[in-house]
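Colleague: All chains, full assembly: derive it from the sequences and hints.
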Amino acid sequence: MPSVDEIRGRIEAALPGARVTVEDLTGGGDHFRCEIVSDRFRGLSRVERHKLVYAIFGDEIGGPIHALSLKTLAPEEAK
Numbered sequence: 573m574p575s576v577d578e579i580r581g582r583i584e585a586a587l588p589g590a591r592v593t594v595e596d597l598t599g600g601g602d603h604f605r606c607e608i609v610s611d612r613f614r615g616l617s618r619v620e621r622h623k624l625v626y627a628i629f630g631d632e633i634g635g636p637i638h639a640l641s642l643k644t645l646a647p648e649e650a651k
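Each residue of the sequence shown is one higher than the one before, counting from 573 in my numbering.
Simulated from the structure, these hints should not be mistaken for lab results. The model shown is predicted, which means the values in this text are computed figures rather than measured ones. A portion of the hints provided could be inaccurate.
[To be verified] Okay, derived cross-link-like pairs now, EDC-like style, lysine to aspartate or glutamate, Cα gap no bigger than 20 angstroms in a straight line: (1) K651 / D611; (2) K643 / E595; (3) K643 / E578; (4) K643 / D596; (5) K643 / E620.
[Stated by the list, open to error] Ranges of calculated distance between the beta carbons of each label pair, as one might list FRET restraints: (6) H638 / G581: 29 to 39 angstroms; (7) R591 / I633: 20 to 30 angstroms; (8) E648 / G600: 31 to 41 angstroms; (9) A650 / A585: 18 to 28 angstroms.
Think of the CB as a built atom: it goes at the ideal place given N, C-alpha and C, for glycine as much as any other residue.
Modeller: Written as structure tokens, this is what we have:
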């Protein structure tokens, strides 16, 4: 099972400069909530943003990572 630090690290590696917050929702390492603020999200729909993040984890979604709740924002959308 991936750790919070592993999830954060993979997102930061794929989206350099992103601000990433990750929370393990159950303590079991399989349900995570992520808030990501990245320039890469500018001009993308919510669905496109989520696809971009899900692609980082590939087949792990639905496997070791059972649930990944996302809040994806461009910098100007972050409050």
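Colleague: Can the restraint linking K651 and D611 be considered satisfied, given a maximum Cα separation of 20 angstroms?
Modeller: holds, 15 angstroms
Colleague: Hint says 29 to 39 angstroms; check whether the CB-CB distance for H638 and G581 agrees.
Modeller: For G581 against H638, whose Cβ atoms are near 19 angstroms apart, the range 29 to 39 angstroms is violated.
Colleague: Hinted pair, alpha-carbon criterion (20 angstroms max): K643, E578. Please report holds or violated.
Modeller: Holds, at about 18 angstroms.
Colleague: So if I understand the rule, the pair passes when the alpha-carbon distance is 20 angstroms or less; does K643 with D596 pass?
Modeller: Answer holds: K643 to D596 is near 14 angstroms, not above 20 angstroms.
Colleague: Looking only at beta-carbon atoms, does the pair E648, G600 fall within the given range of 31 to 41 angstroms?
Modeller: Once the Cβ atoms are compared, 35 angstroms apart, the range 31 to 41 angstroms for G600 and E648 holds.
Colleague: Please check whether A650 and A585 have a Cβ separation lying inside 18 to 28 angstroms.
Modeller: holds, 21 angstroms
Colleague: If you draw a straight line from the CA of K643 to the CA of E620, is it 20 angstroms or shorter?
Modeller: Roughly 12 angstroms separates the two Cα atoms, so the pair holds.
Colleague: Okay, R591 versus I633 on CB: inside 20 to 30 angstroms?
Modeller: Holds, since R591 and I633 (Cβ atoms, about 22 angstroms apart) stay within the stated range.
Colleague: Straight-line Cα separation of K643 and E595 no greater than 20 angstroms?
Modeller: Measuring from Cα to Cα gives roughly 12 angstroms; hence the hint holds.
Taken one by one, the earlier hints fail for this structure only at number 6.
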